[in-house]
Amino acid sequence: MVAEKKNFKHNDLDTLRSRVIVERDRVTSTASTDFPHNYPGQNLAWDFEKFKEMFKLKINRLSKTEMEFDMIGVDAAVANAFRRILIAEVPTMAVSNVFIMNNTSIVVDEVLAHRLGLVPILADPTRFDFKQKDETPTDLNTIVFKLQAACRHNPNASPDETDPLKKYIHANVYSGDMKWVPQGDQTEKFQECPIKPVFDDIVVTKLRPGQEVDIEIHCEKGIGQDHAKWSPVATASYRLMPEILINGEIIGEAAVRFQKCFPEGVVDVVEENGVKKAVVVNPRKDTVSREVLRHAEFENKVKLTRVRDHFIFKIESVGSVEPQDLFIQAVVALMEKCATVKRALQATLQSE
Amino acid sequence: MSASTAARMDLDEDQISIDNEKVTIVEGTMIEPQCATFCLKDEDHTLGNALRWTLMKNPEVDFASYSIPHPSEAKTNVRIQTSDNTTAAEAMVKGLDDLSDLCSHVIQTFQMELAKGEFEYDEEENAF
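So the sequences go chain by chain: A and B.
Going by full-length UniProt numbering, 173 is the number at position 173 of the first sequence; the sequence numbering is gapless.
Going by full-length UniProt numbering, 66 is the number at position 66 of the second sequence; the sequence numbering is gapless.
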């Protein structure tokens, strides 16, 4: 999906409106200006029908934990709202209370509790309630895990063994050692997807013979705004679609030099009637390193811009919720915000 | 967990109690109905900036902006000045409705694209 091609002109109004301009030593035309009354002869007022026509969304790649899609036709303010909600306001389940009965490992209690807090939990947060401050834990708002491990010598290990993992039994305590203790009807409720840590191989602490840990862990529902452990994404980010405009033609050996200014696959050198010519084939791959702008021979021959309303959006889930569900939840969250503010506004206006 | 269960589009209106402090009109800012500063409790740049954009897309709005007066107070002020054809409150409602419409269309398009399945799908956990 390539946005409508622009002509090479210096700062004409249309370019200023729809592109961010990347210059050698600065980036200009960064702010959105597509508002009513700003451009003569153009009606830029909000029009839902027109938006439906212009808005495009295309999913490029999807996996259990990551996805990338193109979103075209919204402003950065909206794309940024989605990104911010993904990071800070989509809820997940995470460890919030750790009851340490015994911990004789080298990791002190508070550090151990913090480490446990950051272990992602595979549980559908939509099936739990938020636990209010004054509420007691119930099967509707809390997940309980037990973490019990004691280390001893491995009787089968050879006497000159040096690898602690072979020499001792339970030398490492992993997230996989956290055993879910279902409460109430949780066993039936989560029959098809038993609750467990997303990864079983996170080292929580290390033990030596005679040392042990005996811990009860309570997980609660929360949002990333309160603590990063509740953030459902490793990161959610977007970048604007790069665009490379060539003035006239770049031919001969210069075409090869031009190609070398960009990452592989961005520029192709084609032969037309025995003459080499540089053609931009895949600007998406460009890192916008601006290398080409350092060369005097390409001055006034090339212009780098980014398409202001073309977002290449990437969501990297932590693993507890699949990325496509996260995005939908984020957009729903923004709608809910609008609805609550609207309702509160109407109440305020009535009372005045 | 399917995408459709995650998107609970039907917001249960009865269950949500209205917080009277959520939206207030900052004292002395509404000299006439065409201008007002609304104070939104527990909102930040997420809604503030997106809302400012839909407000400015309204041709009857002469001025719209938002600010967070102090970073340690969870409050966002939204200032609106409109022409005589409407009021600040009406513009605010329209801004919220427009943003909500936009979101619903984004979800629809996203779910359609997901259903079409015209993309690379990788079963592996860390595919790229």
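Hint data in this document are derived by calculation from the structure and do not stem from the laboratory.
One or more of the hints may lead you astray.
According to the in silico footprint, chain A covers these stretches of chain B (three or more CB under 8 angstroms from chain A) [as the list claims (entries may be wrong)]:
{"hint": "1", "segment": "17-28"}
{"hint": "2", "segment": "53-67"}
{"hint": "3", "segment": "79-91"}
All residues carry an ideal CB built from backbone N, CA and C; glycine is no exception.
Q: Determine which of the earlier numbered hints do not hold for this structure and return their numbers in increasing order.
A: As far as the earlier hints go, only 3 is violated by this structure.
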